[in-house]
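Chains X and P are the protein sequences, given in the same order. Note that our numbering gives residue 278 to position 278 of the first sequence, counting from 1, and the numbers run on in steps of one. Note that our numbering gives residue 154 to position 154 of the second sequence, counting from 1, and the numbers run on in steps of one.
Don't take every hint at face value.
Claimed, not checked - 27 Å max Cα-Cα, derived DSSO-like pairs, lysine-lysine: (1) Lys-67/P / Lys-221/X; (2) Lys-221/X / Lys-71/P; (3) Lys-214/P / Lys-244/X; (4) Lys-133/X / Lys-214/P; (5) Lys-214/P / Lys-215/X; (6) Lys-244/X / Lys-71/P; (7) Lys-169/X / Lys-71/P; (8) Lys-71/P / Lys-133/X; (9) Lys-221/X / Lys-133/X; (10) Lys-186/P / Lys-221/X; (11) Lys-71/P / Lys-186/P.
What the hints contain is simulated information worked out from the structure, not anything from laboratory work.
Listed here are the chains, written in short residue letters.
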Amino acid sequence: MHPAYSVIFFTVSSGAGLGLIAFMGLGALRIDTMSTGFLLMAFGIGFALSVGGLLSSTFHLGRPERAWRAFSQWRSSWLSREGVLAVVSLVVAAIFAGLWLFLDLSSAILGILTAVLAMLTVWATGMIYAQIKAVDLWYRWLTPVCYLLFSIAGGVILFLFIHAAMTGKAGWELSSVAMVALLVAWAVKMFWWIGGDRAPRSTPESATGLGHLGKVRLLEKPHTGSNYLLDEMGFHIGRKHARKLRLISVLLGAVMPILLILLAIPAPLDVLWLGLALLAHLTGMLVERWLFFAEARHAVMAYY
Amino acid sequence: MTQLPETTDRKLGLVIDLDTCVGCHACVISCKEWNTGGYGAPLADTDAYGDDPSGTFLNRVHTFEVKPADKPAMITHFPKSCLHCEDAPCVTVCPTGASFKRSEDGIVLVHEDWCIGCGLCAWACPYGAREKDPVEQVMKKCTLCVDRIYNENIPEEDRVPSCVRSCPAGARHFGDLGDETSDVSKLVAERGGFDLMPEQGTKPVNKYLPPREKQQSIPDEAIDLVALAEPKAGGFLGWLDGALERL
C-alpha cells in the first residue's frame with residue numbers, strides 16, 4: 001500500500017496528542033499540584049498534536065472542501081466514527097482543560113470522560129484499517145490494539161518530558177510507567193509482525209477462479225501504463241528492507257527512549273535526555289507507521 | 001446512506017464468459033467512451049499522447065496464463081469491473097454516504113458530488129473495481145450503465161450496459177441474477193458460473209463462466225515447426241511441393 005505521508009504524520013501526531021490528553025484526563029484524579037504553566041504546556045502540546053494531526057489528514061483527500069460530509073455516516077463507517085469521536089473528544093477535552101486552567105476546577109468525571117473518548121478515537125483510527133478484509137496484514141483485532149498502546153506510550157513519554165521540563169525532575173514512578181508502556185506497546189507490535197507473516201487469503205487462482213485448471217499467472221497487464229490500483233496498492237518494498245526497517249523502528253521507538261529515560265532519572269540534564277527520548281520515539285513511530293502501509297499487501301495484487 | 005440494504009428487489013449484474021472472450025478490449029473502450037461522453041465529467045486520460053499515458057477505466061481486461069501440470073499452457077482473457085456485490089465492503093466504509101447500493105436493483109454507485117476522494121472504498125474492494133480519477137479527484141466505478149438500462153430515449157436493444165452491447169464475441173451478458181428464470185441465471189446454472197475471491201465474503205453478483213473443456217488434447221512435447229516447414233517427400237506437403245514445382 002502506498003504510504004501517504006499526510007496519513008503517516010496524522011496518525012502518529014494525533015495518536016500521541018490524544019494519548020497525552022487522555023493521560024491528563026486521568027491526571028485530574030491525583031495530580032492536583034500541576035501548575036498553570038504545566039497545564040498550559042501539556043494541554044497546549046496535546047491539542048496542537050491532535051488538532052494538527054487531524055487537520056493534516058484532510059490533505060490526502062481528493063475533495064477536502066466536502067470533508068464536512070464525512071461526519072454523517074457514523075452508523076456504518078469507522079472513518080466517519082473517527083471524525084465524530086475526534087471532534088467530541090476534543091470538545092470535551094477543551095471544556096475539561098478550560099475549567100481546570102481558568103477556574104481551577106479539575107473535574108474527575110470530565111477527566112475520565114476525556115480519557116475514554118480520546119482512547120475511543122484512537123481505537124476508531126485503528127479500526128479504519130483493521131476492517132479492510134482485503135489487506136491480510138491489517139485485518140486482525142490486534143491492529144487497533146497496537147494503535148491504542150502506541151498512543152498511550154506516546155502520551156506518557158510526552159507527559160514525562162513536560163513534567164521534567166516544568167518541575168525539574170523526572171521521578172522514578174513516572175519514568176517506570178513510561179518504560180513499561182513502551183515495552184508493552186512494542187512487544188505487542190512485534191507479536192503483530194510475526195502473526196502477519198502468513199499465506200495470503202487470496203491468490204491468483206481464487207481471484208480468477210481458474211485454479212482448477214492449473215497454476216495461474218498474469219501474462220498481460222490490462223494497460224501498458226500505470227493505473228491507480230498499481231500506484232496505490234502495488235507498492236513493493238523488498239523483504240530485506242522491511243526487516244531492516246522493523247529493526248530501526250524498534251531501536252528508535254523503544255530501545256533508545258528506554259535507555260534515555262533511564263539516563264534521565266538521576267541526571268541533571270534530564271530534560272535533554274527526555275527530549276531526545278521523545279524525538280527518538282516519534283521518529284521510530286513514523287518508521288513503524290510507514291512500514292504499516294508499505295508492508296501491507298492488498299488482495300487486488302492477485303490480479304497482477 | 002452507506003448502510004447496505006437488507007435485500008434488493010432485483011440483483012442486476014453481468015455474466016462474463018471466459019471461454020468466449022477474445023481479449024479485444026472493445027468493452028474497455030466502449031465503457032470508457034460512454035462514461036466520458038455521458039453524465040458528469042469525462043474519465044481521466046492523462047498524458048494521452050506522451051510517454052507515460054495513464055487514465056481511469058471502469059472496466060479493464062487482464063490476460064492470464066494457466067499452466068496445468070500435464071498439458072500446455074492456456075491463455076484466458078479476463079475482463080474485470082465492479083461485481084456489484086451483495087455484501088459490498090466499499091459501501092459500508094464510506095464516511096460521506098457517497099458510496100451506496102440501490103435497493104431496487106442492487107447497483108452500487110458513487111454519488112460524485114458527495115465523494116471526498118479519500119480512497120477508502122478502493123482499499124476495501126478486493127477486486128480493484130474502484131479508482132480515483134486523478135483529474136476529478138473523486139472515486140469512479142462501473143455504474144452498470146444505470147443511465148442506459150432505464151433510458152427510454154435510446155432504442156431498446158441499446159438498453160443494456162455499453163460493454164455488453166459492444167462485445168463482438170458475445171462474451172458479456174446482462175440481467176437479473178436474483179431471478180432464477182432469467183437468461184443470465186440459466187446461463188450461470190448451465191455453465192457453472194462462479195464467484196471471484198469467494199473467501200473475501202463479498203457475495204459478488206457478477207458471475208464468471210469458466211473456459212470449457214478442450215475437446216482435443218495436445219501433446220506437451222515441443223512441436224518441431226522447422227521440420228514441418230521443410231517439405232517432406234511424402235504426405236501432403238510432399239504432394240504440394242511436387243504440384244507447385246510442376247506449375
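The hints, checked one at a time:
Only pairs whose Cα atoms come within 27 Å are accepted, and Lys-67/P paired with Lys-221/X is accepted, the gap being roughly 18 Å. Taking the CA atoms of Lys-221/X and Lys-71/P, the gap is near 24 Å; set against the 27 Å cutoff, the hint holds. Straight-line distance between C-alpha atoms of Lys-214/P and Lys-244/X comes to about 49 Å, which puts the hinted pair past the 27 Å bound. Only pairs whose Cα atoms come within 27 Å are accepted, and Lys-133/X paired with Lys-214/P is rejected, the gap being roughly 36 Å.
Distance hint between Lys-214/P and Lys-215/X is fulfilled; the C-alpha atoms sit about 17 Å from each other, no more than 27 Å. Simply put, Lys-244/X and Lys-71/P have alpha-carbon atoms about 43 Å apart, too far for the 27 Å limit, and the pair is violated. For a cut-off of 27 Å, the pair hint linking Lys-169/X to Lys-71/P is broken: about 76 Å separates their Cα positions. Distance hint between Lys-71/P and Lys-133/X is unfulfilled; the C-alpha atoms sit about 35 Å from each other, more than 27 Å.
Under the criterion of a C-alpha separation no larger than 27 Å, the hint pairing Lys-221/X with Lys-133/X is consistent with the structure, at around 24 Å. In summary, the hint linking Lys-186/P to Lys-221/X is not supported, as the alpha carbons are separated by about 32 Å, beyond the 27 Å threshold. Between the alpha carbons of Lys-71/P and Lys-186/P the distance comes to roughly 31 Å, so the proposed pair goes past 27 Å and is violated.
The structure shown violates the earlier hints numbered 3, 4, 6, 7, 8, 10 and 11.
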